[in-house]
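Working from the sequences, and respecting the hints, build out all of it.
These protein sequence lines map, in sequence, to chains A and B. If you're matching positions, the first sequence starts at 1 in full-length UniProt numbering and goes up one per residue. If you're matching positions, the second sequence starts at 1 in full-length UniProt numbering and goes up one per residue.
Some hints here could point you the wrong way.
[Unchecked claim] Below, simulated EDC-like cross-link-like pairs (lysine to aspartate or glutamate); rule was C-alpha separation at most 20 Å, straight line: (1) Lys193(A) with Glu157(A); (2) Lys21(B) with Asp54(B); (3) Lys18(A) with Asp54(B); (4) Lys29(B) with Asp12(A).
Calculated from the structure, these hints are not laboratory results. Since we're looking at a predicted model, the values are computed, not measured.
Number of protein chains: 2
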Amino acid sequence: MDTAQTVSLIEDILKGNKTRKDLDVVEDKALRAALQKVSFVVLEKQIAYRSLNDLRINYDKIINALSCAIVLLQSDKNFPGYSEAARHSLEIISLELPFHNAALYLVPENPGEDGLVELVGYYNREEQRVIITGDQEEPLIHGPEEGIIGWVSQHRETALLGDVERDTRFLPIDGLGMQVSSLICTPLVSRGKFMGVLSFSHHIKGFFHEHDIRILETMGEFIAYYLYHSVLVGCAEESP
Amino acid sequence: MDTAQTVSLIEDILKGNKTRKDLDVVEDKALRAALQKVSFVVLEKQIAYRSLNDLRINYDKIINALSCAIVLLQSDKNFPGYSEAARHSLEIISLELPFHNAALYLVPENPGEDGLVELVGYYNREEQRVIITGDQEEPLIHGPEEGIIGWVSQHRETALLGDVERDTRFLPIDGLGMQVSSLICTPLVSRGKFMGVLSFSHHIKGFFHEHDIRILETMGEFIAYYLYHSVLVGCAEESP
Chain A
1 MDTAQTVSLI EDILKGNKTR KDLDVVEDKA LRAALQKVSF VVLEKQIAYR
51 SLNDLRINYD KIINALSCAI VLLQSDKNFP GYSEAARHSL EIISLELPFH
101 NAALYLVPEN PGEDGLVELV GYYNREEQRV IITGDQEEPL IHGPEEGIIG
151 WVSQHRETAL LGDVERDTRF LPIDGLGMQV SSLICTPLVS RGKFMGVLSF
201 SHHIKGFFHE HDIRILETMG EFIAYYLYHS VLVGCAEESP
Chain B
1 MDTAQTVSLI EDILKGNKTR KDLDVVEDKA LRAALQKVSF VVLEKQIAYR
51 SLNDLRINYD KIINALSCAI VLLQSDKNFP GYSEAARHSL EIISLELPFH
101 NAALYLVPEN PGEDGLVELV GYYNREEQRV IITGDQEEPL IHGPEEGIIG
151 WVSQHRETAL LGDVERDTRF LPIDGLGMQV SSLICTPLVS RGKFMGVLSF
201 SHHIKGFFHE HDIRILETMG EFIAYYLYHS VLVGCAEESP
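So this is what it looks like as structure tokens:
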């Protein structure tokens with residue numbers, strides 16, 4: 001193998017055009033081994049860059065979730081009831097995390113039946129606005145096991161749907177009239193009390209990943225804590 | 001240059017023993033260029049791995065801080081006063097973040113003078129125990145601008161000391177009798193109210209980095225929020 005051939009082979013390896021098997025044609029054993037090592041370094045570099053990219057994305061997501069939690073906890077408002085506090089939370093979520101749709105459901109003040117949740121409002125990322133369920137409108141209530149929201153409120157577990165069409169738990173009611181292909185939702189629990197459901201959705205399939213579960217559950221923890229305490233403090237401050 | 005020499009050169013490049021300049025001896029222009037590219041890929045791989053490592057460490061730190069915040073917010077206890085809530089916070093910090101010393105200072109209930117803070121307790125990582133300042137003992141109070149704790153409570157800014165010996169703001173009183181070489185501390189502020197100082201220290205110089213500032217400030221936000229609200233709720237629950 002002459003120098004020109006060696007050079008051409010190295011160039012191909014660097015471009016990732018040669019597999020380890022392709023190098024079997026190199027007759028010189030030592031050269032073949034050296035070139036295989038070069039090919040391995042190229043692969044390692046690619047893997048490292050990919051991991052770095054993934055980790056950066058996750059890191060940014062956690063930082064976003066943290067900022068959102070801090071803005072929420074710092075907000076100087078207390079509320080007489082959970083639905084007012086939930087509306088405020090939804091407004092902050094839509095400002096801090098505007099890249100997906102968000103919806104907040106709460107256990108109604110007089111639930112009647114166990115496992116019911118009622119839509120408080122949602123954020124539509126396409127229209128970039130928060131839609132609050134008015135008191136005039138017919139309330140949107142999910143019964144137990146009704147849609148994915150009903151499933152989450154019944155099972156009190158986070159649900160990740162990479163493709164809503166492939167999940168029988170998803171019903172049109174869960175989409176809230178928005179174009180939804182993937183969805184992740186988590187129960188809101190504070191001090192053992194089930195308070196509602198937080199849901200994020202997106203029109204792209206597979207928008208949410210396994211690692212988003214932890215981030216969403218963290219968000220859920222903070223929001224449940226916020227709802228519980230801002231109402232408690234709101235009541236405490238109102239009483240003389 | 002024969003094959004054996006080329007192989008030896010490639011092996012050296014892969015080990016990182018050759019700089020770009022060392023390759024000037026290669027007479028064949030095309031081979032030199034190809035080997036320089038290999039050397040560049042080796043460098044890129046090293047940088048990617050180092051960045052990945054740094055990012056993983058930061059990521060783990062944020063996850064740790066988050067877990068600590070969640071454990072704190074989830075804890076089912078409310079307290080009649082800030083110092084009881086602060087002691088509880090310190091116990092959780094020492095369980096969740098046991099790799100450095102931690103200390104918590106609060107504005108005394110009757111501060112008298114502005115800018116005073118009093119030590120509530122500290123965690124000694126070497127002895128792995130929390131030391132709570134008892135009511136019998138002489139309280140350890142920092143006046144304004146007294147030591148780095150006094151500086152933080154006066155300026156209400158986070159301070160990062162890579163080497164306490166090189167910072168005139170640091171006084172022996174800040175070390176709390178522990179071996180301290182580096183330190184980071186942040187003011188605790190909730191709803192504009194200055195409540196105290198949270199401090200982490202370590203016996204190794206340069207243990208804390210620029211990116212720890214954000215993490216510590218986040219911790220400070222949660223702890224200040226927790227102190228403020230657990231006392232408010234504690235009082236609300238006690239009143240009939």
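Comparing the hints with the structure gives:
1. Lys193(A) with Glu157(A): At roughly 14 Å apart (the allowed maximum being 20 Å), glutamate 157(A) and lysine 193(A) satisfy the hint.
2. Lys21(B) with Asp54(B): 29 Å, violated
3. Lys18(A) with Asp54(B): Status violated; Cα separation ~31 Å.
4. Lys29(B) with Asp12(A): 17 Å, holds
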